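Engineer: If you want the building blocks of each chain, they are given just below.
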Amino acid sequence: MSRALFGVRVERREDLPLLTGQGSYTDDLKRPGMLHAAVLRSPHAHAKIRSIDVSAARALAGVAAVFTHADLGAAGKEIPLLQPNPLLVARTQLLLAHDIVRYVGEPVAFVVGDDRYVTEDALELIEVAYEPLAVAADAEGALEDGAPLVYPEIANNLASRFTLGFGDATEVFGRADLVLRQRFKTHRGAGQAMECRVVLAEYDRRANRITMWSATQAPHLIGRLASQMLGMEEWQVRVIAPHDVGGGFGPKAIFYPEEGLVPFAARALGRPVKWTEDRHEHFLSTNQERDQYHDAEMALTREGKVLGFRDTVVFDTGAYVPWGIVEPWITATTIPGPYKLSAFQVDMQVVYTHKVPVTPVRGAGRPQAVFVMERMMDLAARELQLDPAEIRQRNFIQPEEMPYPMGLVYRDGAQVTYDSGDYPACLRKAQDLIGYDQFRREQSRARFEGRYIGVGIGAYVEGTGLGPYEGAIVQIESSGKVLVTTGATPQGQGHVTTMAQIAAHELGIDVDDITVITGDTGAIPFGIGTFASRIAVNAGNSIALAAREVREKALAIAANLLEANKDDLELAQGSVFVRGAPARSISLGALALTAAGARPGYTLPPGVQPGLQATHYFSPSQAAYASGAHVITVEVDVRTGDVKILDYAVAHDCGRMINPMIVEGQVQGGVAHGIGNSFYEELIYDNNGQLLTASFMDYLLPTAKEVPTAKIAHMEVVCPLNPLGVKGVGEGGTIPSAAAFAGAVEDALAPFNVTVKEVPLSPEKVRKLLREAGR
Amino acid sequence: MPLLNFRLARPAAIVDINGVEELDYLHQEDGWLAVGALVRQRAAELSALVTATCPLLAGALPFIGHFQIRNRGTVVGSLAHADPAAELGAVALALGAELRIQSTRGTRTVPAEQFFVSYLTTALAPDELLVEARFPAARPRTGYAFAEFARRHGDFALVGVAAIVEQDQAHRCADARLAFTGVGPVPILFTDEQGVLRGEPLTPQAMNAFAERAAASFEAELDVHASAEYRRELAGVLAEQALKSAAARSKKGN
Amino acid sequence: MAEKRTIQLTINGQQHSGQVEPRRTLADFLRQDLDLTGTHLGCEHGVCGACTILLDGAAVRSCLVLAVQANGRRVETVEGLAGPRGELHPIQTAFHKHHALQCGFCTPGFLMSIVDLLNTRPDIEDEDEIRTALAGNLCRCTGYSGIVAAVREVAAQLRRERTP
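Residue numbers (the numbering used here), protein chains in the order written: chain U, 11 to 785; chain W, 4 to 257; chain X, 23 to 186.
Note that these hints are calculated values from the structure, not bench results.
Mixed in with the good hints, there may be bad ones.
[To be verified] One-sided and incomplete, this derived list gives chain U residues near chain X with beta-carbon spacing under 10 Å:
id : residue
1  : 25
2  : 29
3  : 202
4  : 256
5  : 501
6  : 682
7  : 685
8  : 711
9  : 712
[Unchecked claim] List time: in silico PhoX-like cross-link candidates among lysine-lysine, alpha-carbon distance up to 25 Å:
id : chain 1 : residue 1 : chain 2 : residue 2
10 : U       : 715       : X       : 119
11 : U       : 195       : U       : 767
12 : U       : 350       : U       : 315
13 : U       : 87        : U       : 58
14 : U       : 721       : X       : 119
15 : W       : 247       : U       : 654
16 : U       : 195       : U       : 775
17 : U       : 654       : U       : 775
18 : U       : 40        : X       : 26
19 : U       : 767       : U       : 350
20 : U       : 778       : U       : 654
21 : U       : 721       : U       : 654
Predicted model only: the values in this text are computed from it and were never measured.
Quick reminder that beta carbons are idealized off the backbone N, C-alpha and C, glycines included.
Chain U extracted, bound-state conformation:
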């Protein structure tokens, strides 16, 4: 019998090439006759382009071509908008700016030449006459009358304004014993995968087809938009996300101008073209996130029951909206979290500014929402002199209330419903891991000794497994080995291992006999991409269901060939055999050959299509709601403001785990990102829209010194919405982190009664809070 592989810590099949320098990342790829490209970027956040003179650049030896907007022809139109929405006044980018630039880093010209050195030399020879214009660098400032406009026809830079809610907020706030109000700010941060963006394209003149290799999270999206920009059919543009992509985290799921420029140039020049982004460019042109202002209000009874919550949000979306208003919507709908509310109202304003566009970065608007709700919970606890864990327990949705319609309603009238979860148990478990009660005793002693330690909590609910679908083709080869093809594409999440585990589990064969092909639009026609913690749900279930279909088909053909009853057959270790008579068997490989028509004179049984293969696109009925709690302890040095992490505990529910080792890696990695967001990572723009932190010297990523190993408890609450019972886990490690840290610092400094209203918290900001409190 094959061993059950679902839920097992199978070691990763991806590792060997990566450990020996044999990986194939996009910049490792070379094509015959390949040229390199570089992008000239706007140095101004807002300016008119009066003229561009590329003659000197074109004349430089080693330069093959220089393109400006004037050279693009039909490709000079705006990039199509993803997710159109009547509530949004949408603006998307051109591949190259035409007469106006709207953020520092916006592409203005595209140089193609022999290598990166000469193309960058050429950039310096391009003369652009800019007429700088006034800049709207801050979202709240951009809303004011008289502020500089990113688009003259869009008043107050308002891209969208919408309200969501349920219940009667006015009534509820009117009768509350306590109403708390607080303003919060979360700052811009970025994904900063270790590999920057890379796009390589090759044009086959005779077949009139393009092949692209891109370090992308969404190859089908790239293919669709690239074909539209180039005036070609989708089948003419094949996009491959190479076997190895060095991290994604959200920003690589977008169709950037370069994704259009590279194939355009390859076609125009008849030679392969590769563009490799460098880190400095990455800071200036790869999408960012996290920039929000919140004015929040919470209405409570004096026993600490939250009655209602109101929030007015200003969401900085940068200069363009490639992803529409998906993210503001995610923030808005995440605010209620794991709590029962009688009334909820969020007023969301999405504002254009002269900065890099905003699209999801790990957490995708949820960290901000959780930050606001959790901070208010802590402030309420302080006000009512309740323990922060206790106040949350008094307000959690209870496990027996699942599935729980949380109050919001979709545009189509359907209720937003949390499907499963045990929020009280998660928090209690995280508290156990950290030794919460023991810590409180230590805390009293420490205060006595003049040491300031504190504990903070962040509880979250996360909609994962976003649809509309992902797909898989499961095929048995004539060798008996299995080929799994999926539109999902990994950037380190171990898909090749986990997807193989699922197929192996369903088909009863060895993981090593399964090949997984990911991220190739030429191998599977439809796909959405790897982001939003959606692949375990969507691709995982597709593979399981397709594998089950293949299994059924194998049994049907075998029944026919073995002249046995299908119910008497078993599939194990690569063969189908009659139960109790193992000699009567036929291998999967032989069955595959039969199904492919290789057996002369054989007719397939009625209703069975050729090929031992099945395709399945799993479409979730709704999001699968993962959840968890982080509990963190810190020590604050009140003289320097330095915050040291003492311990970090996570209890989380991602449904059934395919591979616990990989799950832990995702949680720990998410925690590191959360620590970065909480203390170190801040993109600082000045009033002219210039990024002041545009390198790793100034934008600080946490290192092994700053990220302790978290204690992780898995609470597997099976998801009832999909056959595998799984939920997503890629972002959960990040989502509540900043909230928990803010709470911990505040708790440590309780004797000074400070209130933490923004993240990231640098030591200087902690000192400022203390100074204002008199210390």
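Position chains W and X against the provided structure of chain U, taking the given hints into account.
Structural biologist: Then chains W and X, alone, in the frame of chain U:
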């Protein structure tokens, strides 16, 4: 090199001294530790000679970036580059190091106090090469300490402090010096000119007061990483920390 | 454009030569001219450590070394870590065991840095010291826990092998 990669520095030519083996020496002579231009920071860090003869240098070196940077960066190179937040500037200043400069016109020696002129600017003329830094060897009854505050380990110091405390036979302070880095365009020296600590027992209160005077003696600068006010606070905290460390070590006779 | 120079160097025990502009970095020479793409470029300003290789046995940032500066020198990259018959170096095995890599982009830089670390500080044991030593390499995926565990295991293993 990062400046070259960013295309912020555009030299027409680079002179690489890595092949000039005569500059790779580290030895003690006449009460000085002589460090040639090619001595890597990592080599100095791991050198028993440096630890024994120049504990302040040994104490500051591990704060410089990461070991991969120190494998390549040189002690003398850091001094010549004169980054305003560099650790070794404070070390050189505190110790009263001497910098030996060579050109086709001859050799000259400049004391540390005159070497650092402004941001990334030293007394070196464009045709001169810094060939050696010499640091006074450790003295008896003297303690040395280096303290730094950075956002992450290995980052440029927001503030760094080098402290030297010498005791007399009666266990009172004979001399105290502090040098700050990261607070302005050049490292700043604070000595006990006013004789506040000299002749006094090294009590916490006395050292506190000295540290505060030191931190108040200059205008700190602001940048994207820290305000002037915060830098001054840090300077005071670190000065006190370094002073106390140095004092404790002076009692042990180094 | 400056004239190209001829350089000769030993890489993973083998002699190589090339013609490079003086401004070409060692990283670009390895990746582009020799197709040794195991060394990765993450920032090109010396912070992330993805490009770390051994130059005469010492871990350095290949993005901050000019190819001409490696003339006559001995370079070791991740492609040379495993043995001639593919036997993995203990740190490679430990990385796999402890799930110390996810996307793998930072991994070569970590591996080469750790080789230098274990050569220079074979006695390293304390977790905080290990983390300090690892702080010169950035990872965005793993949160470092597997990497720290891998180094601890290999250091302990080396200690056991040294004490009879």
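Engineer: Does each hint fit the structure? Answer for all of them.
Structural biologist: Structure-based check of all given hints:
| no. | hint | in the structure |
| --- | --- | --- |
| 1 | 25 | holds (5 Å) |
| 2 | 29 | holds (4 Å) |
| 3 | 202 | holds (6 Å) |
| 4 | 256 | holds (3 Å) |
| 5 | 501 | holds (5 Å) |
| 6 | 682 | holds (4 Å) |
| 7 | 685 | holds (8 Å) |
| 8 | 711 | holds (5 Å) |
| 9 | 712 | holds (9 Å) |
| 10 | U:715 - X:119 | holds (22 Å) |
| 11 | U:195 - U:767 | holds (6 Å) |
| 12 | U:350 - U:315 | holds (9 Å) |
| 13 | U:87 - U:58 | holds (18 Å) |
| 14 | U:721 - X:119 | holds (19 Å) |
| 15 | W:247 - U:654 | holds (23 Å) |
| 16 | U:195 - U:775 | holds (13 Å) |
| 17 | U:654 - U:775 | holds (15 Å) |
| 18 | U:40 - X:26 | holds (23 Å) |
| 19 | U:767 - U:350 | holds (24 Å) |
| 20 | U:778 - U:654 | holds (17 Å) |
| 21 | U:721 - U:654 | holds (17 Å) |
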